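Student: If you want the building blocks of each chain, they are given just below.
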Amino acid sequence: MAEKKEIAPTISFKIILFRIFLSIKHDKYMKNNEPLRGLLYHHLKKTLLIMRIAIILLLVGFFQTRANDAYSQKTRLSINVSNAELGTVLDKIENQSEFYFLYNEKLIDANRKVSIDAKDEKVEDILNTLFEGTDIKYLILDRKIILSPDEISPALQSGKKITGNVKDSNGQPLPGVAVMVKGTTIGTVTDVNGNYSFSNIGPEAVIMFTFIGMKSQEFKVANKSMINVILSEEAIGLNEVVAVGYGTTRKKDLTGAVAVISSAELDNRPDTQFGNSIEGKTAGVQVIRPSGQPQAGFSIKIRGTSSITSGSDPMYIVDGVQTYSISEINPADIESFSILKDASSAAIYGSSGANGVVLITTKHGSNQKTKISLNVSTMSSQAWKKLPALNSSQFQSLMTEMGLSTDWNLYNTNTNWQNIIFRNAPTQNYQVSMSGGNEKTDYYLSGSFIDQNGIVLNNSLKRATFKLNLNHKVSDFLKVGTNLSFDNWSDISVLENDRNGIITRLLTSVPIIGIWDKTYPNQYALNPFVPDLENPYSTVYQPDVSNTNNRLHGNVFAEATIFKDLKLKSSLGFEHSNGVYTSFQNPNQTRYGRSMDGLASETDNQFTYWIFENTLNYTKKLGDHNLSLLAGFMNSRESARSLAISSTGFGGSTAIQTVTAGTVQQIPQVSIYDKSHTAFISRLNYGYKDKYLLTSNFRADGSGQFASTNRWGYFPSFSGGWRISKEDFFSGIKSINDLKIRAGWGIVGNDKANPYAWYGLISPGTYVMGGNIANATIPSTLENVNLKWEKTEQLNLGIDIALLDNRVTIMADQYKKTTRDLLLYVPQPLSTGFSSALQNAGAIQNKGFEFQITSKNIVHHDFKWSTDFNFYVNKSKVLNIVGTTIYTGAVNPAGSTYNLAMVQAGLPLGSFYGKYDLGVDPATGMVKYLQNSSGTADSLGVIGNANPKFSYGLTNSFSFKNFVLDIFLQGVQGNQIFNATRILTESMSLGENQSAAVLRRWKNPGDITNIPKATLNDASNSYPSTRFIENGSYLRVKSVTLGYNFPKASVEKIKLSSLMIYVTAENLFTITKYTGFDPDVSAFAANNQDNTSKNAAPGVDYGTYPQSKDFLFGLKVTF
Amino acid sequence: MKNKLTYFAGLLFTVLILYSCSTFLNDKPQTSLTTGNAYNSASDIENALLGVYQVFYTDYYQWENVMLSDNRADNAYPGGSGEETFVDEHLYQVPVTNSHDYGMWWGQLYQGISRANILLEQIPLCKDPALDVNNRRAQIIGEASFLRAFHYFNLVKLFGGVPLELMSNSADPSVTRKPRSTVAQVYAQIEADLQVAVTNLPDTYGTDPSVNTVRATKGATNALLAQIWAQRSDRDYNKVLQYCTSVIGSPAGYALWPDYHQLFDGSHYESSESILEIPFIAGSADSNWGVELFLAPEDGWQKYCVPSKDLVAAYDSQGDTIRKNTNIIFYNNVGWADLDWSPCGDPATLVPFNFKQEHAAGWASGDHLYLIRLADIILLEAEAQNELGAPQLAAPLVNQIRARVGLAPVSSGLSQADMRTAILNERRLELAFEAHRFDDLVRSGTAISTMTNVKEYQYSCANGTLSTPIRIIPKIDQNHLLMPIPQAEIDANPNLTQNPGY
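So the protein sequences, as listed, match chains A and B. Just so you know, we're using the working numbering here: the first sequence kicks off at 1 and counts up by one. Just so you know, we're using the working numbering here: the second sequence kicks off at 10001 and counts up by one.
None of these hints come from the bench; they were simulated from the model. Small disclaimer: the values here were computed from a predicted structure and weren't measured. Every residue, glycine too, gets a C-beta built ideally from N, C-alpha and C. Each hint should be verified, as a subset may be incorrect.
[Unchecked claim] Listing some non-contacts, in silico: residues in chain B with all C-beta distances to chain A over 12 Å:
#1 F10056
#2 M10167
#3 K10303
#4 A10361
[Stated by the list, open to error] These stretches of chain B come out as covered by chain A in the derived footprint (C-beta under 8 Å, 3 or more residues):
#5 10107-10114
#6 10284-10298
#7 10332-10339
#8 10489-10497
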């Protein structure tokens, strides 16, 4: 067999050759009495086979293994054992790589002692060594390796004859499958063509087909004389290795709720930020977009919101190290995500696990030939919707009706601000990576640059990233490595979610002015009726802002194998970022700038996080028992520091725009904080026969956020899994390939509150005394020595099913999550002098159901179609908040502040608050509101619910020959949106422009309409009410990608290993009844919003920057 | 080698575990003090005291009190961009959800009370002997008591009976959810605090007027006592008279400043007329940004507290040019349509501004604000004399004030009723935009009649032509003389009851 490796350059080619090889053997075996004819026939057949199969398999193979091209060629293994059992060596290969073995344990002697000293060798070379001098041959199919005896001699029997053929689900004949009569020792094995035959079998007999790595099947003979069998593999995805906290596990061994997104799925959609890769791809994980600005990023909610006034973002861990700035991660570097959703999987991260954990594993090199890939794309973005606003004559008639007038001759333009401010925004994205290694060292090196522009003028983002992952084996005893990333970020953001923000200004800016003032050409034109509102063009360009940030993130680690099965790993992880934000308000151009005579400000931020972790890992396999133990401890600290300075009074000059040039310097503001953590962790994994699985975690967490008596929190979890399909009684069920039920319980914690949470803080201040500025101190928070951990208890029940030859896999989970001792900023009567006090008070519950199905609908050589569908429901309920009510989600439409959301026991988080609109009174044109029970005032209460009844995502992937097509749909159903933008655009109480909806306004008694009359300086008609609550359901064609892979042969001619071009459309169209710009935004999800609004006021649109429609063209090259 | 490393690793493990258990988790604030270290020395206590004064830099005292008084009464229109807060206030329609009502009127006044409470609780605990030099400890107790009374006085005028919070050190609902006390109980507490203050406080702190007019003094306490005994419904004009006399005869030597305009020109603060004022330094962090909300049309937006036609007429009818020109300034070409003065936005039309402070200085004015000045106390004494049946004794007091601005004296032969009207009007002209007018109207029992009779009109403008005026009659009634208890406060303290009519 030694010659085989010389002539097997690719997987697909090798398959062909092996099939030919098999057929030669077969011919020799079957037709040895006709040698000449057989040979001629064979040659002819061989040619045809090569021609036919080569074409098919080349293409199929390419598609199947697109992400993992020639795995066996690039993977190098090192094994050094002497006199070990063959089975152990095979295990080692499986552990070191993604290979797995299929064989008949009766024919392959797994106990045979072998010795091998392989360093940095291909699997074929290792197998050649292992099986040298034996009759065992192997077949490598991507990651699957089939072992069978060279010569298979079925025992021939007499009597009733049963024949048949055994194939795998791809139609590949399976040689060496054990075919046994159940309950007897009678048996045979399949030959090289998968054929078998039996004699002397009674009709009562049950025939069993078994093959390691495949699911066994049984058939009753009855009166059949031929039984053909297709054996399906043990669900292939189940062998996938999944990152879990402080280690990895096989997907099939999972007992908690973990969602996995692998590189294969990530490769299908070129992304600028990784939130896009997660969105809609997995159940129970909601990606929230605060805005469509490129720099706005995203946030993730896992299984609802479990906190009211403290942070509810999950913990993000990149290559083992927590990160605080997810937007700066280059999605192209990501190999896979593991999202730990339930307490049993997140408990190992006790301190911040309550909101779930997102584990990100970046790409690594391996013992392989150097691989370079290049991905270049260009994108054009545009607003997918524009909203009609009044034109200048409609505006003039509205103003006249309101009693406002001006010299219309001076204001005779007709500006459509959306046409001026929105643009077709170009984006360029470059990505290059190199990976490789040898037996001792492997590396992954990448760089990227993105220059993205938003659909609003001036709004832009530039990001450059650099990444190095390096592993080095110093000796058998010691391994060291580093994961390092450095990025540089700069952006220009525009104001939104505000009365003066750009999106509201598009609709409320009067059409009768242009950009520049006619009299003072150096000044932006102002609204003659409400001159304190700036020109929208100046909203975009003034102040002139810049934001740059450099970030270093990663770790260095060493792993020592103290003795066999026991490893000590020590890792120092860190994140350091350094940001500078500057702004300069021109002293002449804007009203505000003129009143300050220019305003410059600068804020410098520094953030440092480090974590020192030490873990001991012990794994032992004893017969059917698999045991693994983990214990460790860690110290970590996050430190932040910022300095803000500003000045005014630039004497009308713009020559120098830094703070130093202002004549009036403001007092610099400094803020510094530290948050320290210490933790001890432990985990036990136990598995019996792969059938019964148990995981238990315990973590003790100390937090500097609490006074010394309450620092420690203890977080246990237990979870178990039962693979029912492994039970004997299940073996007759053929349609189900795998069935596992899981149950888990655990408690996780949260200490996310403002720094120094328990202290009563006294801030410095000043007061003028004796003509000088003198020191003063000002109490700012109430002390609470009893403050302790917020705890979330979670119960999870799950089921994993693989059906129909593993073509359909289903995962369903049900959970109940109860958070108690909430770290709640409990509203205090202001009569205490404090608006709130941080206490452990109240409880909140989330219950939900998640369902995910993956189906390979068509698995044809030329044409493949697969579907992923996920669906989830989450219901949140505030159980109690010490009898109080929290109002949040404040907007400030016309001088007064309104809270749009309320939090109260019994209500879900995300309950909208306001008045009940009973319609426009035809007699008066005024809105009638529901009155309270005593009839003295308008009733105020819950007027809507931001929570969807359910959310879903649907991905259909097609491949036809060299083409791939991915269509991804995503939607939510049954939620409501508070369209607070309309409070501004339909109020008709101020001299601002309004949306075209007000053309339907009430004008004369008797008019029947839902738009009230214009009422100057009276905003009572536009009080936040049911009038602005809208159906927020939508179904969005989130992305469509069409790609073409150039044929391998032609690509290789130009020395490339692959070449793909693709076009992608993002947000191609949206089906929704929502009347605003975009149903998938959330004003209070923005980074600068307070936690309470973030958690309790989702689904508010208040001049929120919409997502864009993007068209992207890209090119991917590997060589 | 392998063994050594194992031992080393084991040792490292142990050391780190021990380390992690010690002081690693003791995170300490670096940019703030804490309750544990903020009140230990005499200077800590002095700093905490200035923190109590610092409440005078909040919105309430920088400008909201003027809106609540002059705009709520007949001295001014709300202006601005028609923000409902001030239009509502002007029309007595403040909703229970009004955010200024909650955060600024109710909230900031209680913030001042809370800081005084915390200081009063901490003073006895401070063992620093330096605190007792020159009786400073007692003085500080007096200052804090005075300030607490000052804020409670504003609260009781705005809201009626309010919860009496005297500790401010707990978040325990059984302590914090206090019901409202009665108006009388609140006044009793104010009186009690002021008696402590009047005992503890000196007439002056030396010779530096920038201290004597900025810190609470015996004179300021007597002035406040006079004000409360006049304002409360169970008023006692004998006490008013007594306290006014104490102020006027104070060893501090208060005297009317001869030039009315100079009082506000920016160069004559901390004068002999000033009893208590809020100091600012231009361009500093301790500057007065409130002025920019009233003045500086060059900002390009309509300012708040636009002097009313009624007020301008009041000055004109007296020929009172000095005070009119001190308190009001007219600009043309303002760049917007003022609903009351220039509905069609004709650039030539003059629009008036609140000119009590003259220097907006780009949100960083150095203009001080008077909290109590002698002219108010002199007129209060006149009021007491008149109410006690001696209009003839009131007249010379009123005439002191009039003489300064060159106006003819009022006759000492006026009837008590006519003298009452004359004093009220004199106070209006003298104290315009110093946050007195609404209280004066309430005290004299004329708030409802005055506001119902005031001739206010709204116009619209169609194609440059003024429409017929529409008379605006504020919906003022007895209930709406008080502001609503903020709904958010009731939500946080369910033991509160709402004022009638809301």
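Student: All hints, please: hold or fail.
Tutor: Results of checking the hints against the structure:
{"no.": "1", "hint": "F10056", "result": "violated (8 Å)"}
{"no.": "2", "hint": "M10167", "result": "violated (9 Å)"}
{"no.": "3", "hint": "K10303", "result": "violated (10 Å)"}
{"no.": "4", "hint": "A10361", "result": "violated (9 Å)"}
{"no.": "5", "hint": "10107-10114", "result": "holds (count 5)"}
{"no.": "6", "hint": "10284-10298", "result": "holds (count 6)"}
{"no.": "7", "hint": "10332-10339", "result": "holds (count 4)"}
{"no.": "8", "hint": "10489-10497", "result": "holds (count 6)"}
The structure fails hints 1, 2, 3 and 4 (numbered hints given earlier, in ascending order).
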